[in-house]
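*Asks:* Could you use the hints to bring the two separately framed chains together as a complex?
If you want the building blocks of each chain, they are given just below.
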Amino acid sequence: MKFVSEYRDGSAAERFSRLIREKVTRDWNIMEVCGGQTHTIVRYGIDRLLPDGLNLIHGPGCPVCVTPVELVDQAIAIAGTEGVTLCSFGDMLRVPGSEVDLLSVKAGGGDVRMVYSPMDAVTLAASDPGKQVVFFAVGFETTAPVTAAAVLQARSLGLRNFTLLVSHVLVPPAMEAILASPECNVDGFLAAGHVCAVMGYREYEPITERYGVPIVVTGFEPLDLLEGIHMCVAQLEKGTNRVENQYLRVVTRPGNISAMGLMEKVFQVTDRRWRGLGEIPSSGLELRPEYSEFDAGRRFSVDHMRVEESGRCLSGKVLRGVIKPDQCPAFGTECTPEHPLGAPMVSSEGACAAYYRYRPGGWKDD
Amino acid sequence: MTELNDMACPIPISDYPKVTMAHGGGGRLMNQLIDRMIIGTFSNSFLDRRHDGAVMELDGGTLAFATDSHVVTPLFFPGGDIGSLSVYGTVNDLAMCGARPLWLSAGLIIEEGFSMEDLWRVIRSMAEAAARAGVQIVTGDTKVVDRGKGDGIFINTSGVGIVPEGLSIHPSSLRDGDAVILSGDIGRHGMAIMAAREGIGLEIPVNSDLAPLSGMVSGLLREGLDIHCMRDLTRGGLASGLNEIADQAGLTVFIDEASIPVTEQVAGACELLGFDPLYVPNEGRFVTFLPQEHADRAVEILKNHDDGKGACRIGSVGPRTGSGVIMRSLIGSDRIVDMISGEQLPRIC
Chain A
6 MKFVSEYRDG
16 SAAERFSRLI
26 REKVTRDWNI
36 MEVCGGQTHT
46 IVRYGIDRLL
56 PDGLNLIHGP
66 GCPVCVTPVE
76 LVDQAIAIAG
86 TEGVTLCSFG
96 DMLRVPGSEV
106 DLLSVKAGGG
116 DVRMVYSPMD
126 AVTLAASDPG
136 KQVVFFAVGF
146 ETTAPVTAAA
156 VLQARSLGLR
166 NFTLLVSHVL
176 VPPAMEAILA
186 SPECNVDGFL
196 AAGHVCAVMG
206 YREYEPITER
216 YGVPIVVTGF
226 EPLDLLEGIH
236 MCVAQLEKGT
246 NRVENQYLRV
256 VTRPGNISAM
266 GLMEKVFQVT
276 DRRWRGLGEI
286 PSSGLELRPE
296 YSEFDAGRRF
306 SVDHMRVEES
316 GRCLSGKVLR
326 GVIKPDQCPA
336 FGTECTPEHP
346 LGAPMVSSEG
356 ACAAYYRYRP
366 GGWKDD
Chain B
9 MTELNDMACP
19 IPISDYPKVT
29 MAHGGGGRLM
39 NQLIDRMIIG
49 TFSNSFLDRR
59 HDGAVMELDG
69 GTLAFATDSH
79 VVTPLFFPGG
89 DIGSLSVYGT
99 VNDLAMCGAR
109 PLWLSAGLII
119 EEGFSMEDLW
129 RVIRSMAEAA
139 ARAGVQIVTG
149 DTKVVDRGKG
159 DGIFINTSGV
169 GIVPEGLSIH
179 PSSLRDGDAV
189 ILSGDIGRHG
199 MAIMAAREGI
209 GLEIPVNSDL
219 APLSGMVSGL
229 LREGLDIHCM
239 RDLTRGGLAS
249 GLNEIADQAG
259 LTVFIDEASI
269 PVTEQVAGAC
279 ELLGFDPLYV
289 PNEGRFVTFL
299 PQEHADRAVE
309 ILKNHDDGKG
319 ACRIGSVGPR
329 TGSGVIMRSL
339 IGSDRIVDMI
349 SGEQLPRIC
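Residue numbers (our numbering), protein chains in the order written: chain A, 6 to 371; chain B, 9 to 357.
It is worth saying that the hints were derived from the structure and are not from the lab. Bear in mind that the values here come from a model prediction, so they are computed numbers and not experimental data. Glycine included, every Cβ here is placed at the ideal spot set by N, Cα and C. Wrong hints could be hidden among the right ones.
[Stated by the list, open to error] Mimicking DSS-like on lysine-lysine, the simulated pairs with C-alpha atoms at most 25 Å apart in a straight line are:
| id | chain 1 | residue 1 | chain 2 | residue 2 |
| --- | --- | --- | --- | --- |
| 1 | A | K28 | A | K243 |
| 2 | B | K311 | A | K111 |
| 3 | A | K111 | B | K26 |
| 4 | B | K157 | A | K136 |
| 5 | B | K151 | B | K311 |
| 6 | A | K111 | A | K136 |
[Stated by the list, open to error] Computed beta-carbon distance windows for the label pairs:
| id | chain 1 | residue 1 | chain 2 | residue 2 | range |
| --- | --- | --- | --- | --- | --- |
| 7 | B | T150 | A | G163 | 45 to 53 Å |
| 8 | B | Q40 | A | G88 | 32 to 40 Å |
| 9 | A | V274 | B | F84 | 45 to 53 Å |
| 10 | B | K317 | A | S297 | 56 to 64 Å |
| 11 | A | L184 | B | R328 | 42 to 50 Å |
| 12 | B | S51 | A | L184 | 54 to 62 Å |
[Claimed, not checked] To spell it out: a stretch of chain B is covered by chain A in this simulated footprint if at least three of its residues, at any positions, have a beta carbon under 8 Å from a beta carbon of chain A; those stretches are:
| id | region |
| --- | --- |
| 13 | 35-44 |
| 14 | 275-287 |
| 15 | 329-340 |
The shape of chain B in the complex, shown without the other chains (with noise of 0.2 Å):
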């Protein structure tokens, strides 16, 4: 105990005495907390791989391990809920991992006063995702903070999952020459809790893309598709999925922005608000990295997915070429694409 209490702070106070939304959102800043902060203390082999889960190899099989907090405002989103947002959540991390989920459990802190009625909306959502996405809920945990405490309610789920044998799913497995695959189009979960949250009336709604991964995922495991690497594009997008990857496997991701597929009405909302759909968060889209001749055979079992409708080819890795991302512009010209800093913020005019 004595050798922690000795260690300094990594992030240092001076920049930073206190933790801003910044830290949370999936950029650069959070990956700095991330890797100086949290990794750096806990370090152990698990961990300092730095997936979307932690993968272990047992005698028997192997096993992966997921969490996930789920803090979104409103509760109630169009496209789906805290409740279904927080059962696809570590279903998706686990599915990250190349692994079918199988249990999750769920914890509850939910805030005095919080309405029986949508307490109870949530909790049959759960149980709906989690039948759609073919886990139970095994254990869990339940609290109550007094008012004021909390935002209604925050949930945390945490799943294990059986990976397949020979399976090695991670940044480290990429290649040069890998294809990148969008399991379709991007953008709709940021754009959807933006404009219910700030009272945008958008002509034509846009619908979460709030859906489970698992069942495109096994589809592609079952062809024997030669997988090298997945990540799900939450916070930061996909934009900063592709960095970190890129920046992990030591490779440069080339993606062609004529390519990445955005709606009409998540592109409007954008250029209104002054969003780029590339950082924009999704709950229901992934990247796949896996070699050429397995692409088009890949887009095609995920095209035969209710959720991979949208699923196309991006672009490809090569050498690293100084920055971890470089994309072909829509007019021909080539410019980096960088992680986002801290949060992406409405322009002023």
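Just chain A, with the same shape it has in the complex (with noise of 0.2 Å):
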């Protein structure tokens, strides 16, 4: 397959991971932003070609994983709301809120269905007039482009049976706050190619120049995590801290002009609770003044709800990269795909996934 089995091949992979041994001199901690970089990184075992001491840590780009329990409980809330279809994509529906999940609310009868794009919930909505559809916006700089569009296509067909639960976060200001945090042993970033075939990569200078850490742009494919990690230890043993782009057939440094122009028209930047690391400020998209009759929060009055994180699960230490998600004691016992504690355990880019999926205890090298 074209420009996918070519980032796959083994003998280039050895290349990689030999150059890479040449270069490094002492232990380094590089974090990859996002969750589908984790995943290729288990799947394929590419921290088994790195150099002991090269350590890989996993970062909180799961937007899933790191949807705070209450607003997972509010969209549960919703869901059980007679006369609603809540619309969300596939990973959502698993993650456990704090009694139950929306695919249990979906076996008790509420209507809840998977979705491929916002486009997909408007459509709903415009054929279902009766019905109150609720789309349940979650994702990075890289979904909400499409969310955005999806309330102007609403506006555009005088939709009044369409709203959203907005739980778009944005990737720069928690790298911030891991790199702000006291706990933090993070030497240099694998920033998010997704994120950046968006956003670009300026935001990210200023990081570069403030932390002292150096950040390059890397794709999903296990040669472009190599190649990455070779740019970033290079960058590290030299000493030098800029904003490299290893992801060039698809982010450039300005980024997608018209998707950034669609992002602003319809949200503004908020303060938003991340599961695991807190309340960030300006990490997050709520719709503009003139966009609030899309407000299913204030719709259906579940705005007000406030819940805690449950104590059991460490996923906040997992998202902030101070622990591995096999160094929880409630991993593959107490928390497993099947009887999740956090959403982690359950996103298709959650690291605790990875681990339980492709890499569970008992089985070692050798």
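*Replies:* Here it is as structure tokens:
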């Protein structure tokens, strides 16, 4: 398959692995920001191709994982309301709220649907005016432009039965929150290529200066990751702190101007709570006042709901890169994909799910 | 009866007070439901073997008996429909026991208002599939349910077949060193259904791999190959099929990702939606375990059949190493291939 199989070539992987080994002279901690990258690393065993002491730390870039439990509970409350169809991406349906998940609401008779795009939810609303259709809008900058386009589409169709529960979050403030934390041990970052495809990478430049860390915009295939790690290691060994772009075939420095324009038109930046990370200033998106008619939180009066995280789930530490998933005492015992304590165990981008699926305890190399 | 009434529900209500879609997804949750509630309750020597069908020794021969229910949406999909699917489903379960399928029953549950023309299409398709698989539909039942109480039509088929003498096809027959043969490229049925269901327009449409496996199986058996086990790769895909067998055999299956055939269209559609082809359902693919010295001949025989052109060796069986299935990835490192938990869901971004 063009543009995929080339990036999964075993001999090229071996060459990169050798180059990295030749370059590394001391221990380094590199955080891959995105959960999709974590899955590639664990699925292909990329960390096993690296020299000892070059440690990959898994970052908070799983939008499902960082959605706070109170928003999941709000979605569950809305989904249980008579006459409502709640739509979301598949991943979100399995995430535990404080008591149940959305799939259980569905099994109990709630109209919960998995969609591929917010536009599907708009189409549903247009075809069934008697139903209140709510889209649970989860995601980073990657999916926010499509959500914005759905809002504009709903307005142009004059829909009165379409609303959004907005949980869009922004990556750079989370990276800064990690760097500013006293427990931070990150020497360099692999930034999330898909997010940068939309946003470009200008906004990372001040972070490299402020915190003295190199950032390499990196793709999601095995060779992307290995090349990104190689570029990051080269900077660390030289002592430079620049933003570099490994994902040249997709990402440009200014980003996708029209996608950013859509986001700008519909959303404004707000403070947002992250599961495990707490409240991060200016890290989320909310509807601008002129689009408040599409705010499901207000329409269904759930925006006052406040719920605290369970103490048994250490996903906060996992999402901040302080521990690896298999260092959590509940991993694989109290917490499994069938009985998750937290979202990282069920999301397709969650670090705990990657470890559970590809690397359960008991099986080690050799 | 008192004794049964006193039994506690083996699936803790606190975990799952209601059945979820994942309980039918072919993964770990479905296996838990089958193991704890169904096999645990009905336990007997045939059911406890957990094969695709029950194999019973009778005076004068060995009988295989299997059943399969079909609830597919959409009812008509590229490469097949619920009619042919319902026939091949049971035919293939019987074939996986080494049996020559002979007779089927058909139970139709039809929703009020279902188009008579569509019903006729389904019935004709069943007849064609039965003729192709060399089976007769010898008994049946028809029920109609109120509109809204069914999804157009549900079909259950059961079937019996005769197992040739001297066969012991079962996970417990697996041996350290056995070769693993896959009968063709994987993931086509699941992606054909997904594309049709979700209206995803693929540039080149994916056709389901739906096919009867009995011809290929009898080809292997006729040659006298020492087949230890077979499994058709339906719900849960290749990954779940291999895990079930490895777990029952107490051995580990080692496979090589580079050797597993996936067509460009399926690989592309999977990339797009975030699916792993290892977990995508098939309806015309199976794996065979047999001694290494018989492996090349088995591949040759399968390749002689229209539905086995893509047959190849994908790995071998080794001692138990913590996990049921270990795969050498394309970039050369090993990882486990776990059984899927519930259902495979599309990724978010």
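*Asks:* Given the hinted pair K157(B) and K136(A), is their Cα-Cα distance within 25 Å?
*Replies:* holds, 21 Å
*Asks:* Taking the Cβ atom of T150(B) and the Cβ atom of G163(A), is their distance within the range 45 to 53 Å?
*Replies:* Holds, since T150(B) and G163(A) (Cβ atoms, about 47 Å apart) stay within the stated range.
*Asks:* Is the gap between the beta carbons of S51(B) and L184(A) within 54 to 62 Å?
*Replies:* The hint (54 to 62 Å, Cβ to Cβ) holds, given that S51(B) and L184(A) are roughly 58 Å apart.
*Asks:* So if I understand the rule, the pair passes when the alpha-carbon distance is 25 Å or less; does K28(A) with K243(A) pass?
*Replies:* Holds, at roughly 10 Å.
*Asks:* Between the alpha carbons of K111(A) and K26(B), is the straight-line distance 25 Å or under?
*Replies:* Between K111(A) and K26(B) the Cα gap is close to 10 Å, so the pair holds against 25 Å.
*Asks:* Would the pair K111(A) and K136(A) pass a check requiring their Cα atoms to be no farther apart than 25 Å?
*Replies:* holds, 16 Å
*Asks:* If you count the residues of the region 35-44 of chain B with a beta-carbon closer than 8 Å to a beta-carbon of chain A, do you get 3 or more?
*Replies:* It holds: at least three residues are needed, and the region 35-44 of chain B offers 3 whose Cβ sits within less than 8 Å of chain A.
*Asks:* Between the alpha carbons of K311(B) and K111(A), is the straight-line distance 25 Å or under?
*Replies:* Status violated; Cα separation ~45 Å.
*Asks:* Does 45 to 53 Å hold as the CB distance between V274(A) and F84(B), or does it fail?
*Replies:* holds, 49 Å
*Asks:* Within the assertion that chain A covers the region 275-287 of chain B, do at least three residues meet a Cβ-to-Cβ distance smaller than 8 Å?
*Replies:* Coverage by chain A holds for the region 275-287 of chain B (5 residues, Cβ < 8 Å).
*Asks:* Between the region 329-340 of chain B and chain A, are there enough contacts, at least three residues with CB-CB distance under 8 Å, for the coverage claim to hold?
*Replies:* Holds, because 8 residues of the region 329-340 of chain B bring their Cβ atoms closer than 8 Å to Cβ atoms of chain A.
*Asks:* Holds or violated: are the alpha carbons of K151(B) and K311(B) at most 25 Å from each other?
*Replies:* violated, 42 Å
Against the hints set out earlier in the document, violations occur for numbers 2, 5.
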